[in-house]
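Student: For reference, the chains in residue letters:
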Amino acid sequence: MDVLKYILITLCLIWTGGMFAQESSFTAKAPATVQMGQQFQYTIEGNERGSIQLPDLKNFELLGGPFQSFSSSTRWVNGKMTAETTASYTFVLRAAATGEQIIPAAKVKVNKENYETNPVKINVVGSSSGQSGRTNANGSTISSRQDQASTVEAEEQPVFLRVLPSRKQVYVGEQLVTELKVYTSVNTRPTGAMKEVPYEGFYKYQLEPDQSSSRENIEGKIHVTQVLQRHVLIPQKSGKLVIEPFESEWTVPQRIQNNRSGNALDDFFNDPFSDPFFDRVRQVPVKISTRPVTINVKSLPENAPGSFTGGVGDFSFNARLSANQVKVNESLSLIVEISGNGNIELIDPPKVDFPPDHDIYESTKNTTINTKGNSVSGKVTFEFPIVARHAGKFRIAPIQFSWFDPNVERYKTATTKEFVFSVEKVDGTAQDPKVYAPGTIGEDVENIGTDIVDIRRNIPAFRKIGQSPLHRGVYWITYLLLLLAFIATVTILRVYFSRRADVKLMRNRKASKMAKNRLRVADKARKSGNTEKFYEEIEKAIWGYLSDKLSIDLSALSRETVSEVLSTTGDHEELQEELIRIIDESEFSRYAPSSQKSDMDSLYADALKLIHNLEQNIRLK
Amino acid sequence: MKRLSSILLMLLALVKVSGSQEVDSLYLSANEAYSEGLYEAAIENYSMIIQAGFESADLYFNMGNAAFRSNKLGYSVLYYKKALKLDPQHEEAVTNLGYVLKYKEDNLDQVPELFLRKWMRSVYHLFTLKTWSLLSIVFFALLLLGVLLYIFPRRMGVKKTGFFSGLMAFVFFIISLTAAIERTQEINDPDEAVIIDPSVVVKSSPSLSGTDLFVLHEGTEIVLNETISGWMEIRISDGRMGWIPEESLALI
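Heads up: the sequence lines are chains A and B, in that order. Going by our numbering, the first sequence opens with residue 1, and the numbers climb by one from there. Going by our numbering, the second sequence opens with residue 622, and the numbers climb by one from there.
Don't take each hint at face value.
[Stated by the list, open to error] Calculated Cβ distances over 10 Å to all of chain B for the following chain A residues:
id, residue
1, N59
2, K412
3, G466
4, S468
5, L470
6, E560
7, Q576
[To be verified] Okay, the calculated beta carbon distance ranges per label pair:
id, chain 1, residue 1, chain 2, residue 2, range
8, B, L649, A, A397, 26 to 36 Å
9, A, Q467, B, Q642, 49 to 59 Å
10, B, E847, A, K240, 57 to 67 Å
11, A, V453, B, Q642, 50 to 60 Å
12, A, S166, B, S691, 22 to 32 Å
13, B, G778, A, L505, 54 to 64 Å
14, A, R494, B, G778, 35 to 45 Å
15, B, S858, A, S299, 52 to 62 Å
16, A, Q236, B, L722, 50 to 60 Å
Bear in mind the hints are in silico, worked out from the structure with no lab data behind them. Here the structure is a predicted model, which means the values were calculated and not measured. Ideal Cβ positions, reconstructed from N, Cα and C, are used throughout, including at glycine.
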């Protein structure tokens with residue numbers, strides 16, 4: 001059954017081939033770049049078998065071919081059958097001259113029909129150092145310490161790795177992209193899984209590498225290249241940062257020229273994966289490592305604004321409050337968002353001046369990172385929880401955020417608006433201070449900051465510079481005036497007191513005379529029989545005398561004052577007794593009935609004698 | 622005491638030197654500049670008052686604030702000291718001087734002053750010069766009154782009171798007059814200064830070729846000894862001496 005089907009399909013193919021013979025086409029292919037002296041394949045492909053007539057290959061050597069291969073396929077799609085045949089003819093050529101070479105169109109003859117291929121342009125480069133190509137390809141190092149590599153002779157410089165930074169001069173915190181690239185001229189693959197390059201001193205993000213491979217000309221040699229790893233790096237410190245050599249193991253096919261051991265079985269077991277019967281190639285592990293790469297990391301300029309918190313890149317910045325109105329003991333939060341392209345994860349929260357007297361908790365940080373494309377971008381969110389503790393209106397001063405933009409090489413600053421939130425009182429029951437401050441009722445007034453005392457704004461009393469009150473006449477004139485006033489006072493008082501003294505002296509001198517005058521009046525009254533008047537005049541004479549003599553006011557005189565004053569002037573007890581006796585007698589006689597009246601004559605004489613004696617004995621100062 | 626102070630005020634009104642209208646408006650505009658943060662302009666306006674020949678403790682106090690705000694530490698120390706010289710009891714000036722001195726670089730030991738000298742200084746600094754001169758007049762008047770009381774009344778008690786109060790008044794009169802003279806000298810012939818330059822090298826002799834002794838920084842207070850052709854011999858609080866150029870300091 002199967003056999004029958006096969007025959008049928010083949011017949012169909014042949015038939016269709018005949019049907020579409022007119023639409024045959026042939027294309028020629030060759031690598032775009034080849035190295036002089038090196039073999040390469042020149043392939044003509046078509047959908048028909050035919051005989052190839054090569055053009056005149058001026059600068060190429062034909063080494064072999066054509067090697068033919070055919071394939072055909074038939075498909076049924078929606079009840080329709082399509083059949084395809086491919087034929088390829090491969091020639092092995094070698095370039096004999098450098099420069100841009102063209103292989104002209106080749107002719108293909110199919111069933112007496114002639115077709116032409118396209119001409120092929122080939123860039124032939126000079127060989128590196130030696131024709132045999134035994135030297136190491138530039139950039140690669142084959143570890144000679146490796147045992148197997150020392151015993152096996154490399155037929156080709158096979159494979160090398162490189163770390164390629166996108167830039168070698170960056171600022172701290174600025175991004176750069178590095179690629180780990182393999183260059184190979186042989187069929188190779190890494191043994192085991194590749195590790196990641198440990199970029200020390202850098203903060204790294206892995207990027208998805210482009211899987212496709214390409215051909216590159218490295219100093220005249222053609223290599224197939226492929227990017228193995230891509231990273232975004234952010235240098236963490238300034239200075240020359242070296243990306244240390246990164247080592248990995250690769251298997252390299254090695255053609256065995258001589259069976260040195262002479263034992264085919266040994267070879268077979270040593271290298272069980274190569275086919276000892278086919279091309280006598282075995283896979284040899286080779287340790288290769290990258291060259292060290294130095295990145296010159298510049299430190300950020302000195303003039304960083306105070307609000308700089310480590311951001312390097314291109315950012316946008318905004319902030320908002322989660323609520324504008326809360327009640328006491330409720331919480332709200334300030335949310336600060338920084339997004340853009342740069343070292344998002346390394347940014348510290350910007351400084352915020354919160355109103356004092358509220359509980360501010362440590363900010364939480366939330367980062368989302370996007371590593372698409374060739375850079376790291378993302379968003380970082382800082383949330384500052386605030387618990388309102390007192391009612392009122394509060395403001396948060398505008399928040400400033402500064403970052404360094406390496407593209408323009410200077411600092412940039414963004415400022416938000418001022419935030420205002422109000423806190424409402426809650427009803428008495430809920431307002432329990434213990435809710436937020438256990439064990440403390442009442443607080444000390446704490447210093448939030450210190451500063452100098454503000455200026456005095458009232459206009460002061462200015463004084464003339466260099467002057468002193470002592471230099472002013474007014475000062476000394478005041479003394480003079482005071483002194484004059486003193487002297488005047490003293491003089492005036494002196495005069496006053498001396499006058500007063502004069503009056504006393506006069507009265508003193510006239511005292512006995514006045515008393516004698518009064519006594520004379522009394523004597524007249526006695527003679528006229530007016531006894532009452534007599535006694536009255538006697539009393540008056542004595543009291544008046546004492547008043548004048550002792551400088552005591554008449555109204556202030558009494559027996560006691562008189563005796564007191566007299567006792568200060570000396571020992572006059574007899575005189576006092578006499579004085580009191582006469583006064584008592586006259587007072588008594590004045591109001592007594594006439595029968596008991598004392599003798600007026602003797603009283604008169606006694607009074608006269610008393611005044612005389614007083615005059616003699618009292619010497620007042 | 623109230624009555625005394627009211628009498629003093631009346632006398633003050635007699636003695637007071639009233640600044641002109643212009644000086645007052647300069648002062649107000651300087652205050653306004655200060656409030657707007659234009660500290661340099663404020664200092665300029667305040668200085669114009671001084672150029673016009675007027676001064677006051679408050680004026681110097683404000684200048685000290687403006688100087689501190691415009692980062693001139695030396696000048697702010699200078700002006701606060703000047704304010705305190707005119708009014709040793711100016712509380713704000715004492716507070717701000719203490720605050721500002723925290724920013725000073727030089728920490729110097731203090732050679733203890735003679736007790737008597739220190740005590741006398743603190744007595745002199747109890748009042749302003751004006752107060753002292755008024756007090757001297759008041760005590761003189763009290764002295765005369767005491768003499769009168771002693772001379773005239775006959776009674777022994779009054780006489781005794783007059784004698785002792787007169788004696789007291791005499792002592793206080795001497796003290797206040799001495800204080801007034803002393804303060805006048807202190808204000809008009811200052812012997813203290815403040816370093817104005819950010820840093821200045823103190824030399825061993827009054828010439829640039831002198832040996833460098835030590836370095837003083839802005840805001841340090843010094844005492845002056847003598848002046849020779851642009852150089853001043855200074856003494857710092859720990860007793861060391863040397864010469865510095867005249868222009869790197871300002872007299873208090």
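Student: Hint by hint, note whether the structure agrees.
Tutor: Each hint tested on the structure:
1. N59: For A/N59, whose nearest Cβ neighbour in chain B is about 80 Å away, the distance exceeds 10 Å, so it holds.
2. K412: holds, 25 Å
3. G466: With a cut-off of 10 Å, A/G466 comes too close to chain B, as the shortest Cβ separation is near 6 Å.
4. S468: violated, 4 Å
5. L470: The claim breaks: A/L470 does not keep its Cβ more than 10 Å from every Cβ of chain B (closest is about 5 Å).
6. E560: It holds; A/E560 is separated from chain B by about 21 Å at its closest Cβ, greater than 10 Å.
7. Q576: Correct as stated: the minimum Cβ-Cβ distance to chain B is 25 Å, above 10 Å.
8. B/L649 to A/A397: 26 to 36 Å: Since the Cβ atoms of B/L649 and A/A397 sit about 30 Å apart, the hinted range of 26 to 36 Å holds.
9. A/Q467 to B/Q642: 49 to 59 Å: violated, 20 Å
10. B/E847 to A/K240: 57 to 67 Å: holds, 59 Å
11. A/V453 to B/Q642: 50 to 60 Å: violated, 28 Å
12. A/S166 to B/S691: 22 to 32 Å: violated, 48 Å
13. B/G778 to A/L505: 54 to 64 Å: violated, 27 Å
14. A/R494 to B/G778: 35 to 45 Å: violated, 22 Å
15. B/S858 to A/S299: 52 to 62 Å: violated, 42 Å
16. A/Q236 to B/L722: 50 to 60 Å: Since A/Q236 and B/L722 have Cβ atoms about 42 Å apart, the given range 50 to 60 Å is violated.
Violation of the numbered hints given earlier is confined to hints 3, 4, 5, 9, 11, 12, 13, 14, 15, 16; the remaining hints are satisfied by the structure.
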